[in-house]
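Asker: Using the sequences plus the hints, can you model the full thing?
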Amino acid sequence: MFKKKLLNKTLIYSLLTLLAIISFVPFYMMIINATRETKDIIMGFSFIPGSELVENYKNMMSYVNIWAGFKNSLFVSITVTILSGYFSALTAFGFAVYNFKGKNKLFIFMLLMMMVPGQLGLIGFYELNKTLGFLDTFIPLIVPAIASPFVVFFLRQYLASTLHSSLLEAARMDGAGELKIFHTIALPIMMPAVATMSIFTFIGSWNNYILPLVVIFSPEKYTLPVLMGFLKGSPVAQNLGSLYLGIAISVVPIMIAFLFFSKYIITSISAGSVKG
Amino acid sequence: MKKLDHKGYYFIAPFFVIFLVFNIYPVLLTFYYTFTHYEGYGAPEFIGLANYARILTDTYFLEAFVNTWKIWGLNFALQLGIALFLAALFSDLRFRIKGLGFFRAIFYLPNLITISSVAILFNIMLDWHYGSINQFLLKIGLIGEPINWLNQPFTAQVSVSLILTWMWFGYTFIVLMAGVSGISKEYYEAALIDGANRMQTFMYITLPLLKPIMLYVMITSLIGGLQLFDLPMLLTDGLGNPDGALNTMVLYLYNQAFRYNNYGYAATIAYMLFLITVVFSAITFKSMYREAAGEKAVAKAEKRKSKVAKKRGNVNVQEKVAKQNTYI
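Chains A and B, in that order, are what the protein sequence lines are. In terms of full-length UniProt numbering, the first sequence opens at residue 1 and continues consecutively. In terms of full-length UniProt numbering, the second sequence opens at residue 1 and continues consecutively.
Check before you lean on any hint, since a few could be wrong.
Simulated pairs of lysine to aspartate or glutamate, EDC-like, Cα-Cα distance not exceeding 16 angstroms [said to hold, decoys possible]:
| id | chain 1 | residue 1 | chain 2 | residue 2 |
| --- | --- | --- | --- | --- |
| 1 | A | LYS101 | B | ASP5 |
| 2 | A | LYS180 | A | GLU169 |
| 3 | A | LYS5 | B | ASP92 |
| 4 | A | LYS232 | B | ASP237 |
| 5 | A | LYS221 | A | ASP136 |
| 6 | B | LYS185 | B | ASP92 |
| 7 | A | LYS4 | A | GLU37 |
| 8 | A | LYS130 | B | GLU39 |
| 9 | A | LYS39 | B | ASP237 |
| 10 | B | LYS70 | B | ASP243 |
| 11 | A | LYS103 | B | ASP5 |
| 12 | A | LYS71 | A | GLU220 |
| 13 | A | LYS232 | B | ASP127 |
| 14 | A | LYS39 | A | GLU55 |
| 15 | A | LYS9 | B | ASP92 |
| 16 | B | LYS7 | A | GLU178 |
Treat the hints as calculated values from the structure; they're not laboratory data.
Answerer: Set out below in structure tokens:
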């Protein structure tokens, strides 16, 4: 009986380890191959790094400046995260604290629109930005983040359970304006929830592919995901080591960040889904 | 009823201005385009329902629809299977598997990475001659000759399904675990004492109580799956080859709009896609979610559990059930 249990446990841990290896091996292969020469890569795989890292890097940089894409992605994602966080908090505050005509109707309307998939308005979105002259700029990637229904919904639920009206009344008694109350009382209270949503927003924006692909034309404005596609079609792809290196550069920073934040990321996924 | 206060409008105004301009207006504009022939310049030409007539007889769209389902279906079955199995393992009191945090993080890692990087990575790893996957399979003797993964319709679809499974099983596992941790430990302890075996515990406690979460996973995955675009786009240079096997609905939409400048028809594809999503979400919802599924499942689990216990002739059943009820 005891022996059987031990056997079972060994089997289970082997299985889990195998799954962990499968999850991780492609990244490991990528990092190893980024340091190897094309002809070695063609010959077969290896678990030991090669010595061509610098060569591969030089070769890649001579065709494509990957750091420019990195910078673009970082700029877009950070701006989107800040805008989405701030304006969603503002909207959530408006919905949670004040009582105005049509409030519930507006809220339900917002929730209904949340169900509409992103591709539905893609053509219209493209045409609108063409008319406004926003194509090939970051504006269509950034400004729409001001309206993020899911974040508003999440923050409003959070506010409803954490913000007491007595707190607001006390502040009003002290003569604080409504906007000041928002900035000094409500926003700090909402901060943990805003941070949770920010992780989502940031990853979502960083990984967004179809929108920048459609609205950005100049290679120097490409975000990282679009630049990856561009890299594949460029002469860099002749040199497999350089191509692997390019992918590695796009991936490794996220992996390192994940190492530090994995706990928060995973709780935020759970937080988003338990209620669903 | 509280007094009306118009100040709220100021707070929600920026949201709704942007929402109207960048969300609602494009959706309506796209709807208008579905009735037009429009190539991106000049004025859209009104053609009535011609686009809708076309899409109903368009074999390419039908093919894209079938492809999308095949790819999503295989991926979802595998993904949910693995995630459920893992959730069952980690919730099993007998094993008390350690390292949940570590495994969760490792399993989730592929989901975090930019999908275009994943696509390009697998594009070279799946290469016929020098891809790591063929090299590995040859080396361990699983295959006799290299497989040209992305060049045959069947293997191409299976490849994309497997990549999606690889990317998403960790996410699904985390979400399911969140659901499992919401189930009272008392159920498992009681089942353990009552002598329910592993399968019974899973079938009668974990599975029914996870139903609401599984519904959430299923609908979000369905919506995401029907919008599959990035992988086929990057694995096939946007063409959906071999033999159109990787032509998905959104890839078709993208190509109609931005490759062939057929905005009117692309808009129609978008609305068709929306309709399909709504219909299938509704079907999923209906078939899985009957009123108060959660409470019903609890009652069912309770009933089954005491039944199992009675079968085993456990005399302490009454006492345990009583204890549990006071806990709840």
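Asker: Tell me, which hint numbers fail for this structure?
Answerer: Hints 7, 9 not satisfied by this model.
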